[in-house]
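Trainee: Protein chains in written order, with the numbering used here: chain A, 1 to 536; chain B, 1001 to 1328; chain C, 2001 to 2274.
Note that these hints are calculated values from the structure, not bench results. The beta carbon of each residue, even a glycine, is placed where N, CA and C say it ideally should be. Hints should not be assumed to be uniformly reliable.
Said to hold, decoys possible - If you want the footprint, here are the derived chain B segments under chain C, 3+ residues with CB under 8 Å:
| id | segment |
| --- | --- |
| 1 | 1054 to 1066 |
| 2 | 1149 to 1156 |
| 3 | 1163 to 1173 |
| 4 | 1185 to 1191 |
| 5 | 1277 to 1284 |
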Amino acid sequence: MPDFSLSRRSLLASSAALMASTALPRFAWAQTPKAGGRLVVAADSEPRNLNPAIVASNGVFFVSSKVIETLAEADYTAKDQLAPRLATSWEGAADGRSVTFKLREGVTWHDGKPFTAADVAFSALEVWKPLQNLGRTVFKDLEAVETPDDHTAVFKFSKPTPFQLVRNALPALSSVVPKHLYEGTRIEENPANNAPVGTGPFKFAEYKAGQYYRLEKNPAYWEKDQPYLDEIIYQVLPDRTSAANALEAGEIQLAAFSAVPLADLERISKVPGLTVVTKGYEGLTYQLVVEINHRRKELANLKVRQAIAHAIDKNFVVKTVFLGYAHAATGPVPANDPQFYTPDVETYPFDVAKANALLDAAGYKKGADGTRFSLRLLPAPYFNETKQFGDYLRQALAAVGIDAQLVNNDSAAHIKAVYTDHAFDLAVGPPVFRGDPAISTTILVQSGIPDGVPFSNQGGYKNAEIDAIIEKASEELDAEKRTELYREFQKKVAADLPLINVAEWSFTSVASDKVRNIANNPRWAVSNWADTWLAE
Amino acid sequence: MTRTLRLVRRRLVGSVFVLLIVVVGSFLMLEAAPGDAVDAYVVSMGGDAGLVEALRHSWGLDQSIWTRLANYLWALLHLDLGWSVTFSRPIRDVVLERLPNTLLLMGSATALSFFLGSALGIVAGARPGSLRDRLLSTGSLALYAVPSFWLALVLVIVFAVDLRWLPIAGIETIASNKTGLARAADIAWHLVLPVSALGFIYLALYLRMMRAGMAEVWRQDFILAARARGLPRRRIVLAHVARNALLPLVTMLGLQSAQMLGGSVVIESVFSVPGLGRLAQEAVAGRDTPLLLGIILVSAVTVVLINLAVDIAYALLDPRVGANEATA
Amino acid sequence: MRGRFLQTPEAMAGTAILVLLATMALAAPLIFPGDPLRIAGPALVPPFQDWTLPLGTDRLGRDVLAELFHGARTSLVVGLAAAAASLAVGAVIGTLAGFAGGLADEALMRLTDAFQTVPGFLLALAFVSIVGPSLSVVVMAIALSAWTGPARIARAEVLSIRERDFVAGARVVGMHPLEIAFREVLPNALPPVLALSSIIVAQAILIEAALSFLGLGDPNRVTWGGMVAEGRTVLRTAPFLSIVPGIALVVTVLGVYLAGEGAVESAAVKKGLS
């Protein structure tokens, strides 16, 4: 089991919430779920393409995971941390060239057509492999999908593909779309991308741009008696403070993905009837990373990178920027990952004197104005916390004589500046850890990635040794050996600092006490909510 | 009547040039933006180099800027505003769907500031220089100095969160299936806070203009004559002074329309009103250049039409106008 | 003149506010040397708790009083720079249009119409997000829509001046038309144009605040609008973080209006509040 206690502070916060709601029974699962009701949740953005088979991102999953299901979902306790969904079992061949899925029987699409292995084969070969942002990596060697009967799909790979990687990719990457609606059309422009048809517990009902998405109960869902809710409504609330206000006024019952600002959590946890939940995001860990442009001669110097690492007070960042809802990072794999993480790496304790000494040793003496050199710092604008960390980093660098000028871009301009134009010296980014280094953290370090690939190594870093480890791990079939390779990878990255990992954080939810069965899996906010129900 | 028609015709011809400048100027300005629609798409959706290139091609972003400008203008001639890549819908539909909400917000806020402003202006101008006058003038000016987003935040917390009298956000109760009068009442209810946040700020404009106008009229001969005739003060104020001071306020309505439209951007954002202003923000964030152009163009057309309406109203109210009105 | 200027309590109050503000802006680097964005203490210290941090600290532990002083500087700079830029551009375009007449006048006035037709805030929003937020860009964005008022007034003044004797005289002497326009006509057309400056300064401060509120401020500078925007996420837990700069904004803008009005009234130029 992963460690959920992000920090003492967050424990305190959640226990405060617990106490605030003692009037209501917390152990909701002891009660019989009640069917019916409308759940209104806050949505801060409006994804236009709701097809998770093409766009595997949390913004899309948040809505569409209730409509379109994956082969398996993440789970706290089941074997391999996976619970069956559309697949009931999965088996990898010893040579790494095939994976066999047994599929659930008696499942129908929302339009009444039966779900069969042909849908899985079509989704894998025509959507995940060629079109999906992450599927292109995992399924790059997928050659064919054999369907010996309607409920068996055998994935055939041209090169050995680690079963561990395939397994880890299932919750996020294996959304199955209906072949009969997509076959023979331009998949990217199919109208079903905006009004998805799936097998999930909820049917897509309507979308009013700028106002809401509405999902309604699928009475023919394969799990008996589920879903419990009649309707889920995602109310679009783009303003940072609206979600908290709407919760307090009782207009919505749930705000996920930290829609309530961290600074407001302590206060809102004391509001009667509301609970702050920090569980349910373990499979969606975000990493706070300082991306470094190694083309800049000062930053190509390891001593300078070490100095910057020493100049950052990670505890201050956790305590002040994240208000305790995070913890300090040691390397490129987050500590709450149950498979790959190792704490046995080089660390950089906060030490201004040492940072100054390292910079002096690197040959960058302080000038008359106390400054050694200037650089451009581009914090990613997607989260409040990345921007605030940018403000902090500017001050932390000033303390060691580095003058950082903040550049404030919106998302589109940030992506262009960092990943296409390389017009940055330092950038602050929040990459997502997706349960396997091959589909997340390695891309920020690996060399040979073409210009313009967002959220990848665009800092010009090249390290043959690290590249070799990544390459070898991508073909290693033995799960243990593969894990060992990634531990080696973490050590090398922490030693050579192609980037600086500062902190790791997950999101929080604030929910009405009436909402039951929440946060019961590690990707809860983006899971199907079939068993969620509303108490009186 | 023909005089009014001539005025309308001349205004419309001038407007075509103005709108052309707006379109070409905005197009060129937006082209200079770093990052395009594909970059913005990739932020929310993720993607790699292959996808990026494919999208750029299929969205026509790999053509030259002049080709795209020419295509855009040609399409405009057919009243086609183009295709929004962020919404996957025709821009005309997207914009027209949002326009009524903004017009409703703007119109109600304008009505509020106009009527309340001029009414208070009459109260203040009835006795120029009195304490009442000074309090109203300075007080409204203080309101005019408040940033609208700030007023909006405070109103939300007091009336929606703490007192729970009014809804926090949105234009109507979501997915309520209300129709007809019930729906109209629901929308009006949701608009109370946004309209107040926008309308109270511009109150000062009309109040002070009314008051200044009245001060002017007080000094004129016919008022002196009316006073000499011993007409009651209240009657003089309403029937003579206020009526004559009202005319310039009508012009103000037109001049203010562009500012109101701009002001609604922030208000729509705070109150999650699905209007043109928020659409503009989404278009900027999504680098949806054709959409933003469409919004700018539609706003400009709206402002032109409002001003035209004001001119006509003015011409009808005041027979001196129009005969030899200045060109600019 | 001076006596008349300070004749109403409103004008006196406005002037007092502006003097105070200017003092704050000038004294900021002396009283609070160094970067006001420096982390000075623990985060979220409420006001009046710690005498070294009289107004408390913000989310990152920065001194609110230091930010307030330095923010006065930025707000004034933005307001004055935007007013100067729009008055300059407006006066030049208005003078050219009025003096040249004919087709040039027509073209320039259609251009002015175009800028007046597009909602100014929309234009500023688009411009700043495109060029990237920095103080100078924000100033330009504000000036982009604010120059039209001065242009119209300058043109109207020039139209009335250009037929006067001294202009005709200059023509007879053989001065270049541009020289006449800018040396003889413009200076005489300027006073009513300048009367607009207080409104532009006040509007500029408010627009900068609104842009910061939408996340389009310069992150390397403290502005009051930026402080309000940042304090907004903790509006309920630490309301002082947005109330203090909010009040500063209102008082300043009100001061500018009142003082401006006093000046205009004393100059006996009767213009409405437009």
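Trainee: Take the hints in turn and mark each one as holding or not.
Mentor: Going through the hints against the structure:
1. Counting residues of the segment 1054 to 1066 of chain B whose beta-carbon sits less than 8 Å from any beta-carbon of chain C gives 0, not enough to reach three: the coverage restraint is violated.
2. Counting residues of the segment 1149 to 1156 of chain B whose CB falls under 8 Å from any CB of chain C gives 3; the rule of at least 3 is met.
3. With 0 residues carrying a beta carbon less than 8 Å from a beta carbon of chain C, the segment 1163 to 1173 of chain B misses the three-residue requirement, and the given coverage is violated.
4. Only residues whose C-beta sits within less than 8 Å of a C-beta in chain C count toward coverage, and the segment 1185 to 1191 of chain B has 0 of them, not enough to reach three; the restraint is violated.
5. Coverage of the segment 1277 to 1284 of chain B by chain C holds. Counting CB-CB distances below 8 Å, 4 residues qualify, and the rule asks for three or more.
In summary, the numbered hints that this structure violates are 1, 3, 4.
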